[in-house]
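Given chain E's structure and the hints, the job is docking chain V onto it.
Chains E and V supply the protein sequences, listed in that same order.
For my numbering, count along the first sequence from 1 and bump the result up by 35.
For my numbering, count along the second sequence from 1 and bump the result up by 22.
Source of the hints: derived by calculation from the structure; they are not laboratory data.
Computed from a prediction, not measured in an experiment: that's the story for all the values here.
Note that CB positions come from ideal geometry on N, CA and C, so glycine has one too.
One should not assume that every hint holds.
What the hints assert, rightly or not - Within a straight-line C-alpha distance of at most 25 angstroms, the following computed DMTMM-like cross-link-like pairs (lysine to aspartate or glutamate) qualify: (1) E:K168 to V:E109; (2) V:K194 to E:E120; (3) V:K112 to E:D203; (4) E:K168 to V:E163; (5) V:K64 to E:D74; (6) V:K64 to E:D85; (7) V:K214 to V:E157; (8) V:K124 to E:D172; (9) V:K64 to E:D149; (10) V:K112 to E:D113; (11) V:K124 to E:D74; (12) E:K168 to V:E97; (13) E:K168 to V:D118; (14) V:K194 to E:D149; (15) V:K201 to E:D74; (16) V:K112 to E:D149; (17) E:K168 to V:D121; (18) V:K112 to E:D85; (19) V:K194 to E:E115; (20) V:K87 to V:D49; (21) V:K112 to E:D74; (22) E:K168 to V:D51; (23) V:K127 to E:D172.
To be verified - Cβ-Cβ distance ranges computed for the label pairs, FRET-style: (24) E:A57 to V:A199: 35 to 45 angstroms; (25) V:K53 to E:L107: 52 to 62 angstroms; (26) E:A137 to V:K53: 36 to 46 angstroms.
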Amino acid sequence: MHIKDTPAGYGLVSRLFHWLMALAIFGLFALGWWMVGLDYYSVYYHSAPDLHRGAGILLLIALLARMAWRVLNVKPDDAELTPFERKAAHLVHLGFYPLLLALMLSGYFISTPDGRPIDVFGLFSVPSIIQQKGLEDTAGLVHRVLAYVTVGLAVVHTIAALKHHFKDKSNILARMWSGPLDR
Amino acid sequence: MTFRLAPLAVLAASLAFAPPANAADYDIDTKGAHASIGFRVKHLGFSWLTGRFDTFGGSFSFDDKAPEKSSVKVEIDTASVNSNHAERDKHLRSPDFLDVAKFPKASFVSKSVTPKDGGKATIVGDLTLRGVTKEVTIDAETIGGGADPWGGTRQGFAGTTKFKLADFGVPKDLGPASKEVELTLHVEGIKK
Chain E
36 MHIKDTPAGY GLVSRLFHWL MALAIFGLFA LGWWMVGLDY YSVYYHSAPD LHRGAGILLL
96 IALLARMAWR VLNVKPDDAE LTPFERKAAH LVHLGFYPLL LALMLSGYFI STPDGRPIDV
156 FGLFSVPSII QQKGLEDTAG LVHRVLAYVT VGLAVVHTIA ALKHHFKDKS NILARMWSGP
216 LDR
Chain V
23 MTFRLAPLAV LAASLAFAPP ANAADYDIDT KGAHASIGFR VKHLGFSWLT GRFDTFGGSF
83 SFDDKAPEKS SVKVEIDTAS VNSNHAERDK HLRSPDFLDV AKFPKASFVS KSVTPKDGGK
143 ATIVGDLTLR GVTKEVTIDA ETIGGGADPW GGTRQGFAGT TKFKLADFGV PKDLGPASKE
203 VELTLHVEGI KK
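Next comes chain V alone, as it looks inside the complex:
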């Protein structure tokens, strides 16, 4: 338990000493669960096997007027993998896949945001998984934003990316149709 809390303490400390929030910093609303990180992998090439990570956190900065200055940071608790099947989740946490004992965290840190038409954007950043850091591209889309009914300000996005499991050192081969995984992020941020 303690080793899982430690990163949270570091996060809390870094938040406490962060410079004053400017008008466009948001915390991802994991408390109210208006965010999710899902994945899908093809099963035998016959269907999509979907799952999600139940525990994660993060923040982003977003400026309506200058979306290219946006940035996003997400940290995932890999042990929270949930595919709605205890035996499979046990296998996913094992060294065959995520090896959560050795690599309890996965993260994404954006490096550049390139706005496109229609509220869409391309986010390039570093994904760290299983201790391997590689650049991935997220196709993102603004869903909406503005004042919420409870006195706050919210902003929401959806994004998808895909990568080869082997690129991040996942040793288990699930077959020719199942080499890639797609990640889908739905995030709603509450303005700090």
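Here chain E stands alone, though its shape is the one from the complex:
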């Protein structure tokens, strides 16, 4: 069992980051979509946004840790890809980091410009750093657009992975699930 990444594939830590964050991103997207349409008298009117904010902060922490982990690890081999595929994959993978960072920061700025902190499941809270009237409107627009872009990119990423798995009979998807195969 590899903890770190090797040229042959991704280690345990990278795979956990990948699948848990994928789950969290799609989950938060669905939750966000659903919660903004809730009726004022829905029992979830407060708990759903609380969950969305708390999970979003945890996802932000996970993202920062994942970026650090990526720098500390070797990049698994992608020699089987065509030059175009390699370039596209690289662009999509690297695109996710700034996109997710901006997505989560914009969410933070919806909830905090009046000085209120974000509570993370009662464990700790993230203080407000910028108090500016009206910032919540800009942040809200950015958050919505980036959420669609991120999920759109994730769908492209998924389709590409399935194409390599089923059409090209490549092990790219398998090694992201079960780790590098010792040869």
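Frame of chain E; chain V shown alone:
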């Protein structure tokens, strides 16, 4: 920014070409913030949720001897809604409530003033909110007036009115106890 400044420019131009002020025309002192427009709506029927509009302007004309000849005009920047909670204010500015992108201004223009005893009066006028213009009645009261310590003349009033949110096309239903909103205006005018 430019679209918010445009009405101000129109206001400034109309002031510049207005006929000479008679003895009883006043500008509402928003510069010194001796005026406020607040609102309150019942929350679940359990308490009053209060808020205000931070940006507005207006003028009135007032004659001590003939209060029935008075008139008042107020314009509110709807995006300046402030209930001391950024997320709620964002929601209040959205199409669910004020829809400020589509309706950046609300206004009140008086049509008649009926004086009553004890410095009180009934002001009937047109309130425009969310693009809907409807008649509302403000119960007004003279608070005081006269020379201020800095060489000017001031006159102040308080007024309240209430109306149903749905009457002005607000689509969001906040529940059976929260269908009405009360507006409270405190205005102090400086004589032109």
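Results of checking the hints against the structure:
no.: 1; hint: E:K168 to V:E109; verdict: holds, 11 angstroms
no.: 2; hint: V:K194 to E:E120; verdict: violated, 49 angstroms
no.: 3; hint: V:K112 to E:D203; verdict: violated, 49 angstroms
no.: 4; hint: E:K168 to V:E163; verdict: violated, 33 angstroms
no.: 5; hint: V:K64 to E:D74; verdict: holds, 17 angstroms
no.: 6; hint: V:K64 to E:D85; verdict: holds, 24 angstroms
no.: 7; hint: V:K214 to V:E157; verdict: violated, 28 angstroms
no.: 8; hint: V:K124 to E:D172; verdict: holds, 15 angstroms
no.: 9; hint: V:K64 to E:D149; verdict: holds, 22 angstroms
no.: 10; hint: V:K112 to E:D113; verdict: violated, 46 angstroms
no.: 11; hint: V:K124 to E:D74; verdict: holds, 23 angstroms
no.: 12; hint: E:K168 to V:E97; verdict: holds, 21 angstroms
no.: 13; hint: E:K168 to V:D118; verdict: holds, 20 angstroms
no.: 14; hint: V:K194 to E:D149; verdict: holds, 24 angstroms
no.: 15; hint: V:K201 to E:D74; verdict: holds, 15 angstroms
no.: 16; hint: V:K112 to E:D149; verdict: holds, 11 angstroms
no.: 17; hint: E:K168 to V:D121; verdict: holds, 17 angstroms
no.: 18; hint: V:K112 to E:D85; verdict: holds, 17 angstroms
no.: 19; hint: V:K194 to E:E115; verdict: violated, 56 angstroms
no.: 20; hint: V:K87 to V:D49; verdict: holds, 19 angstroms
no.: 21; hint: V:K112 to E:D74; verdict: holds, 16 angstroms
no.: 22; hint: E:K168 to V:D51; verdict: holds, 23 angstroms
no.: 23; hint: V:K127 to E:D172; verdict: holds, 18 angstroms
no.: 24; hint: E:A57 to V:A199: 35 to 45 angstroms; verdict: holds, 44 angstroms
no.: 25; hint: V:K53 to E:L107: 52 to 62 angstroms; verdict: holds, 59 angstroms
no.: 26; hint: E:A137 to V:K53: 36 to 46 angstroms; verdict: holds, 39 angstroms
Of the numbered hints listed earlier, those contradicted by the structure are 2, 3, 4, 7, 10 and 19.
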